[in-house]
Amino acid sequence: MNLLLELFLCFAKIGLFTFGGGYAMIAIIENTCVEQKKWMTHDEMMDIAVIAESTPGPIAINTATHVGYKRAGVIGALAATVGMVLPSFVIIFLISMFLEQFMEITIIANAFQGIKIGVGLLIFDAGLKMMKKMPAKKLSRGLMIFGLVAMLCINLFSIRISSVLVMLTAAVVSLAVHFVKGGRNA
Amino acid sequence: MIYLELFLGFLYVGCFAFGGAYGAIPLIRDVVLKYGWLAEEELTYMIAVSESTPGPIMINLATYVGSTQAGILGSFIATTAVVIPSFVIMLLITAVLKHAIKHPAVQAVLQGMKPCIIGIILATGLHMMVSHCFAAQGVDGRALLITGILAVILYVLPRFKINKPSPIMLIIISACIGVVVYGV
Chain A
0 MNLLLELFLC
10 FAKIGLFTFG
20 GGYAMIAIIE
30 NTCVEQKKWM
40 THDEMMDIAV
50 IAESTPGPIA
60 INTATHVGYK
70 RAGVIGALAA
80 TVGMVLPSFV
90 IIFLISMFLE
100 QFMEITIIAN
110 AFQGIKIGVG
120 LLIFDAGLKM
130 MKKMPAKKLS
140 RGLMIFGLVA
150 MLCINLFSIR
160 ISSVLVMLTA
170 AVVSLAVHFV
180 KGGRNA
Chain B
0 MIYLELFLGF
10 LYVGCFAFGG
20 AYGAIPLIRD
30 VVLKYGWLAE
40 EELTYMIAVS
50 ESTPGPIMIN
60 LATYVGSTQA
70 GILGSFIATT
80 AVVIPSFVIM
90 LLITAVLKHA
100 IKHPAVQAVL
110 QGMKPCIIGI
120 ILATGLHMMV
130 SHCFAAQGVD
140 GRALLITGIL
150 AVILYVLPRF
160 KINKPSPIML
170 IIISACIGVV
180 VYGV
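Protein chains in written order, with numbering that gives the first Met the number 0: chain A, 0 to 185; chain B, 0 to 183.
What the hints contain is simulated information worked out from the structure, not anything from laboratory work.
Treat the hints loosely; a few may be bogus.
To be verified - Per label pair, the in silico range of CB-to-CB distance:
| hint | chain 1 | residue 1 | chain 2 | residue 2 | range |
| --- | --- | --- | --- | --- | --- |
| 1 | A | 43 | B | 140 | 49 to 57 Å |
| 2 | B | 2 | A | 180 | 16 to 24 Å |
| 3 | A | 104 | B | 99 | 27 to 35 Å |
| 4 | A | 164 | B | 134 | 26 to 34 Å |
| 5 | A | 108 | B | 168 | 19 to 27 Å |
| 6 | A | 148 | B | 87 | 51 to 59 Å |
| 7 | B | 159 | A | 4 | 49 to 57 Å |
| 8 | A | 89 | B | 159 | 15 to 23 Å |
All C-beta atoms in this analysis are idealised placements derived from N, C-alpha and C, irrespective of residue type, glycine included.
Just chain A, same shape as in the assembly (with noise of 0.2 Å):
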């Protein structure tokens, strides 16, 4: 089979059975690209979940640019990436025409409501799932907390301020405490 295409397809099929994203994704797509396709080794692929953590975006689309590009250069990243985005983009375009008229279903409304509180939650679980695994230093937990009082605060008064913004400060802190804690080594 012609390479670009069993790329596009393979990542295709990932995307089509993939739920939720993140780390669920992982367990699928190592065992179609390690173990059936054998694309890559089980190193490779751990490699780039820590890449895929330290870069903006879903993991699922930096494994396929990465695999893509690996096999084919960037027409293979390319077939790869499209593959992985085209089942949700079709399901989702589809849904964003009937989910007004589905939502005007009394019983539908309803169970949105209760809907609107399990994804609050479920939002607030990722955080803290997140912060158990969190490195227990001083400075991550300074910064978490300040991300958290921030954020808060922006949304409680409504603050036109946006929360890339506060990334970023997080991100020049850091910075800061590693050059000055360098310059004390040096």
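Knowing the structure of chain A, use the given hints to seat chain B on it.
What follows is chain B alone, placed relative to chain A:
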């Protein structure tokens, strides 16, 4: 010009969406509320839909916002824009900058941003829960009740060896509770 706004808005989201699926939610919330693309409530519904359909949440939200604002071309532009930064950055790292990510200064920046993002995610979740229970019109008793039930399912039942539900399962459970509590 809505197409340009969608492109720039989601390019911005794509550039700063560190911290996995949930890291992107506070950012997307910023952008869609700023441009007035979605109301807070509609965004929450779409997060639930994205969680229950295949594919990364970030991509699903971009497709939905693009489609509701400017049809199929809009959803194509928003989805492309949100993918471009991770595509380009990953390509650069794979092709040329294999060691850039390990540079101490780069690591220092990332080590600073990650905990802060966790704080931002926690704050966003808290705000969403609290704002449903305590709206401007007063306390919503039914929302408070649902929050209580769900909190028990997530944090108390696992202590009695009842497994914590997956995100999709939790959404289904909260939908059922919503039907019962708001239906009667």
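Status of the hints after comparison with the structure:
1. A:43 with B:140: 49 to 57 Å: 54 Å, holds
2. B:2 with A:180: 16 to 24 Å: Once the Cβ atoms are compared, 47 Å apart, the range 16 to 24 Å for residue 180 (chain A) and residue 2 (chain B) is violated.
3. A:104 with B:99: 27 to 35 Å: Cβ of residue 104 (chain A) to Cβ of residue 99 (chain B): about 52 Å, so the range 27 to 35 Å is violated.
4. A:164 with B:134: 26 to 34 Å: Holds: the Cβ-Cβ distance is about 28 Å, inside 26 to 34 Å.
5. A:108 with B:168: 19 to 27 Å: 21 Å, holds
6. A:148 with B:87: 51 to 59 Å: At 34 Å between Cβs, range violated.
7. B:159 with A:4: 49 to 57 Å: 51 Å, holds
8. A:89 with B:159: 15 to 23 Å: Violated, at about 42 Å.
Of the numbered hints given earlier, the model fails hints 2, 3, 6, 8; all others are met.
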